[in-house]
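**Q** Modelling step: build the complete structure from the supplied sequences, incorporating the hints.
Protein chains: 2
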Amino acid sequence: MEKVTMADVAREAGVSKSTVSQFLNKRYEYMGEKTKLKIEAAIERLGYQPNFIARSLKQKRTSMVGIIVANIMHYLSTEISRAIEDFCQDHDLHAIVCNADDDPEKEKRYIEMLRAKQVDGLIIFPTELNTELYAGMIKEGYPVVFVDRKVEMLDAFSVVTDNRESTYKAIQSFIANGHRHIAFAVQPLIVSTRKERLEGYKNAMVEAGLPIRPEFIIESSIGEMKRKLEELFSLEDPPTALFAGNDRVFLTVVEFLKGKGLKIGQDVDLIVFDNIPFANLMDKPISFIMQPATEMGMKAAELLFDQINKVEKEPQKFIFPSEMV
Amino acid sequence: MEKVTMADVAREAGVSKSTVSQFLNKRYEYMGEKTKLKIEAAIERLGYQPNFIARSLKQKRTSMVGIIVANIMHYLSTEISRAIEDFCQDHDLHAIVCNADDDPEKEKRYIEMLRAKQVDGLIIFPTELNTELYAGMIKEGYPVVFVDRKVEMLDAFSVVTDNRESTYKAIQSFIANGHRHIAFAVQPLIVSTRKERLEGYKNAMVEAGLPIRPEFIIESSIGEMKRKLEELFSLEDPPTALFAGNDRVFLTVVEFLKGKGLKIGQDVDLIVFDNIPFANLMDKPISFIMQPATEMGMKAAELLFDQINKVEKEPQKFIFPSEMV
DNA sequence: TTGTAGGCGTTATCAC
DNA sequence: GTGATAACGCCTACAA
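Line by line, the protein sequences give chains A and B.
All residue numbers for the first sequence refer to the UniProt record's numbering, where the first residue is 1 and numbers rise by one.
All residue numbers for the second sequence refer to the UniProt record's numbering, where the first residue is 1 and numbers rise by one.
Careful: at least some of the hints might be erroneous.
Note that the list lumps identical chains together, so a pair holds whenever it fits in one copy or between two copies.
As the list claims (entries may be wrong) - Cross-link-like lysine-lysine pairs, in silico, DSS-like; alpha carbons within 27 Å at most:
id, residue 1, residue 2
1, Lys-106, Lys-195
2, Lys-284, Lys-260
3, Lys-3, Lys-313
4, Lys-3, Lys-108
5, Lys-58, Lys-3
6, Lys-60, Lys-17
7, Lys-108, Lys-38
8, Lys-3, Lys-139
9, Lys-17, Lys-313
10, Lys-60, Lys-228
11, Lys-38, Lys-26
Treat the hints as calculated values from the structure; they're not laboratory data.
**A** Below, the structure written as structure tokens:
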């Protein structure tokens, strides 16, 4: 029943606990060859497995990190998480993933929970609404890395993409293709990424001398969005091009267009911020702004790893470029 | 620096550690109202956070479970994992996901690792090649649930789908649609699911009086598969219908057909075992055999939860039906 | 080289 | 109602 403890091994091998401990920690520099063998045999015979919990308590290191994802429904999140997990597996860490569901309260509870569990560090896709909590951790020197969204006014490690620039270029490409009626759909502007994307849109429009028409900008929850789209496409001069602010918006848009009988690439052109899996399988002329998820995850994990291992570094923001395909 | 311990709180509040402990565990039945307030205040003032590791050591319960996925590349795995995670979040458990990468050695290491970390139970998508290890855990009474693939000869909880039946029906539907040249592509037959699916294919073919032609059955790794497909479609009588044994095979097949210029639903009909995300977005006439991932994950998590909480039950296999869409 | 003792932060068991 | 005290299983000086 997995009750074999170090003491048992010690007794079985006829040595003391400390000796066994030394053995386990590979400090057998000054250890008799025969004691080593005795211990090995005893471990084998008893089927002993060290207890990491006990070790962690003593060492104050759990080899676990927490990942708090703002919303797991975004495909990007899972991609980045997976990259982080891969990095962890290569560095003897285990990751615990939590989904904050875009709820700051939930995020807060998870942060506290994971810290109570003594995880060695946290990678957070922030809801951006727990600034004091974030700040507190950073002041303490607790290892934290923010991903995807940036937390303003906070000198912390973060890994993001150039939302504004990418969107700006995307809208420019619409314009270059002759579009004049360009709409923009996004979820509520409560996080930096969405705001930046909208700014990119506006910049490009203004620069091209096109009017920014409020009725062409949908800002609503996924639930409400279909209704808003209905309104948008009921205008006497409906848009010929649409920018979807992220993957979930995109899904909603596609469903809407399908129901409406509008053909993508024909009746309306589409650019999406975010990649979706197997996008290449649906041969429709849609452009996706792909963020380098793997690189971002890797970088975030690496930054966290270094903090955990006390590699001194100034907090930095890493901005990755996105690519339109 | 997060060094506030229970002793500090006790001192600050002018009570003993035990009292604080009682308070934390909500056993304030026989506790003075004012002590309660004093402790509350002290906790607040010090910013105390209990240390779960220490608690776990004492209670021999970590509130963590491990999920060992045979191969995270299968979309089904991630779907099921997510369902498990959801269940865990509702039951105060944390899940740690590990990817065995179809490697029995890796699987073994993870099992040992997670047990060393004292996780309360394990949900395993087995590689099926560590039978002794599985058997050992079960004999010990350690909570384990197998998912997706079954482990023969083992009396354990498991949650699977009716691979043979579903495939059988799928092939029947091909036949009903007039197909005679039906091919079957699958990864190496080293796990039960694949074997069962092939059996289903053979049964349907035999029953319909159609010959089982070895050259119509591709059994190969993903890497080799394109070459095999090339051969298959170079036959003087190439197949008019193809059954893809899982999602990864499907992706390979689609790429191949695309390169070859063959149109799905026109030159060749396709049925795929497994769902892929956003399948509804690609309006091609492909049938997917969808496994009820969420239900399977939920069930698995529930079975594990009950074992952890010593709800006595006989080991059972739950076989979920799949649906073709 | 190996053993002894104390401590990591909690919880559990009793006395008080 | 509250408080010593002994575990939990391991690590780490330091002593032998």
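**Q** Each hint should be assessed against the structure and marked as holding or not.
**A** Results of checking the hints against the structure:
1. Taking the shortest alpha-carbon separations for Lys-106 and Lys-195, only the intra-copy value of 23 Å comes in at or below 27 Å, while the best inter-copy value is 44 Å.
2. Taking identical chains as interchangeable, the C-alpha atoms of Lys-284 and Lys-260 lie at most 27 Å apart whether they share a chain (17 Å) or sit on different chains (19 Å).
3. In this assembly of identical chains, the alpha carbons of Lys-3 and Lys-313 lie at most 27 Å apart only when taken from different copies (23 Å versus 43 Å within one copy).
4. With identical chains, the CA atoms of Lys-3 and Lys-108 are at most 27 Å apart between copies only, with a shortest distance of 20 Å across copies and 36 Å within one.
5. Taking the shortest alpha-carbon separations for Lys-58 and Lys-3, both the intra-copy value of 20 Å and the inter-copy value of 13 Å come in at or below 27 Å.
6. Taking CA atoms no more than 27 Å apart as the test, Lys-60 paired with Lys-17 passes in both settings, with 20 Å inside one copy and 21 Å between copies.
7. Taking the shortest alpha-carbon separations for Lys-108 and Lys-38, only the inter-copy value of 25 Å comes in at or below 27 Å, while the best intra-copy value is 50 Å.
8. Taking the closest pair of Cα atoms, Lys-3 and Lys-139 come within 27 Å of each other only across two copies (14 Å); inside a single copy the shortest separation is 41 Å, beyond that limit.
9. With identical chains, the CA atoms of Lys-17 and Lys-313 are never at most 27 Å apart, being 39 Å at best within one copy and 39 Å at best between copies.
10. Taking the closest pair of Cα atoms, Lys-60 and Lys-228 never come within 27 Å of each other, the shortest separation being 52 Å inside a single copy and 53 Å across copies.
11. In this homomeric assembly, Lys-38 and Lys-26 come within 27 Å of each other (Cα to Cα) only inside a single copy, at 15 Å, whereas the closest approach across copies is 47 Å.
In this structure, the earlier hints numbered 9 and 10 are contradicted, and the remaining ones agree with it.
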